[in-house]
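Undergrad: Kindly produce the complete structure, drawing on both the sequences and the hints.
Protein chains in written order, with the working numbering: chain A, 11 to 246; chain B, 4 to 360.
Keep in mind the hints are simulated off the structure, nothing from the lab.
Among the hints, a few may not be true.
[As the list claims (entries may be wrong)] Calculated lysine-lysine pairs in the BS3-like style (CA-CA distance at most 27 Å, straight line):
#, chain 1, residue 1, chain 2, residue 2
1, B, Lys111, B, Lys49
2, B, Lys351, A, Lys122
3, B, Lys49, B, Lys23
4, A, Lys237, B, Lys351
5, B, Lys181, B, Lys145
6, B, Lys351, A, Lys132
7, B, Lys181, B, Lys138
8, A, Lys237, B, Lys356
9, B, Lys138, B, Lys111
10, B, Lys188, B, Lys113
11, B, Lys236, B, Lys251
12, A, Lys132, B, Lys356
13, B, Lys41, B, Lys23
14, A, Lys133, B, Lys356
15, B, Lys188, B, Lys138
16, B, Lys138, B, Lys152
17, A, Lys133, B, Lys351
18, B, Lys111, B, Lys152
19, B, Lys236, B, Lys265
20, A, Lys122, B, Lys356
21, B, Lys152, B, Lys41
22, A, Lys237, A, Lys132
23, B, Lys181, B, Lys251
24, B, Lys181, B, Lys226
The structure displayed is predicted, hence computed values, not measured ones.
Each chain, letter by letter, is given below.
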Amino acid sequence: MAEHSAAQQTAVYVYEAPVRICHWINFFAIVALCITGYLIGSPLPSVSSGEASDHYMMGYIRFVHFAAAYIFIIGFVFRAYWAIVGNSHSKEIYTPRIFSGVFWRDVWHEIKWYGFMTSEPKKYTGHNPLAIISMHLMFVWGSIFMIISGLALYGEGAGMSSWQYTFFSSWFIPLMGQSQDVHTWHHLVMWLLIVFAIIHIYVAVREDIMSRQSIISSMISGWRMFKDNRPADDLD
Amino acid sequence: METFYDVMRRQGITRRSFLKYCSLTAAALGLGPSFAPKIAHAMETKPRIPVLWLHGLECTCCSESFIRSAHPLAKDVVLSMISLDYDDTIMAAAGHEAEAIIEEIVEKYKGNYLLAVEGNPPLNEDGMYCIIGGKPFTEQLKYAAEHAKAIISWGSCASWGCVQAARPNPTRATPVHKVPGLAAKPIIKVPGCPPIAEVMTAVVTYILTFERFPELDRQGRPKMFYSQRIHDKCYRRPHFDAGQFVEKWDDEGARKGYCLYKMGCKGPTTYNACSTVRWNGGLSFPIQAGHGCIGCSEDGFWDKGGFYDRLTDIHQFGIEANADEIGVGAATVVGAAAAAHAAVSAVKQARVKGETD
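TA: Pasting the structure below:
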């Protein structure tokens, strides 16, 4: 990639197809999970007509929740696999270089950029360090928590002989206290992911406009475009 | 040595009734029909195991439930088998005589008696909040546990702490398995406030008959009664799946017997046998009576906010709030911050543009 750091800086292929596919699977799955999950905690107004056998409202909502959850889990596992076999950018949010002083200095630089304390951002082909650390903490660990707690809750209904109960419910529910606590934490971390999504989307739009590289189109095409010819700060 | 069967016959129970009891108990324990003769054989041949039934901080609802066991034989037989030894609420002896029985049993049956605990000990002030026979209950409990074969934790008090352990727990009421210095004995928890009578008698019968605990889950509860949630076997479950809910206590849904989920029913998070075994001889249980489950067999149920709220309170956040209130609050703050930040960014961008033009 050294030749890019010279004069004419063109596009760099950053996000491989599996990364992009997983990103958009996550998007649709998380939207479905948040809506249906919220409706499981606070159901729609009662269906007041007819026999119970005429309706299946909560049944459908829960089905969508569980189906989206399995899609999300499979996507998440595949994405973690791709972090191992994919290019260097696919590893970024899984392995933040938290023991590197340079990394934290660059995190601070990004915080200053967002605090309007510096006139120009650094230029990155991948994610900026602040994005890496917030995605790692909020998205990666948030997702892991949701997958474990979600399977633990699913195991309650699936029963003690199910693999979900054996591998998740059996240890996770006592760890959190009791079933009600697992429900509450599953609910709270949903809001953490919603907060993450708000920040993520806002920052992506803002960076797309104000930073020195393309953001939104890159997650569709895979290519990072640059707005100036100076070398990127994360290419060595 | 007197066997269980001898005790039963002495109680005037016919052999026919005895065999019926054995098969019913086998059914209640979830065992196959072939186990009925095994139970009968065990009860005919094994010497009965003495049981000490201690009471700490409690309300006696476990005892009240126990003596109301639907099966008359279970009540008479099991109760007579154990009341012969020690249970300060229902035994004939009182005062020093009663307390002497504990010592006698411990000395006579070292390592062979069962210790059933109703309630729990308060640990603060050296246990002074619960004095029995002039001594803190903690000491009585530790003494009796030292030589016991095993311990039964009756009800939510002994199993989890229950209301006397509610925040801020001034007496430091502590469930049996968390009492420091207690001899390391196998503990079976039979939570509930109170536990179901049939569950209690079945557990005692199982232990006395097979001389071991039934299969337990990770938290020490017998799987045969605590492996499913109330919700899993609730007769109102079809209304839940249909989305038919009681919205107010006096609405049409309440009259039609719709699901009590929105009224804060804790059935979906409570492991117990109420929706299958039911209460008072299978007559009814809370949800059947039109009131949601309060989750009385779950750890910490007394500190989870209103019994009538679906989403329970989280105390760690200072003011009591539920997950949605915290989440909407956080999302609003972050959303507003993003909007403000966007506005400042736009102004800055415009100024930079203006300078470069």
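Undergrad: Kindly indicate which numbered hints from before are broken by the structure, ordering the numbers from low to high.
TA: Those not satisfied come down to hint 23.
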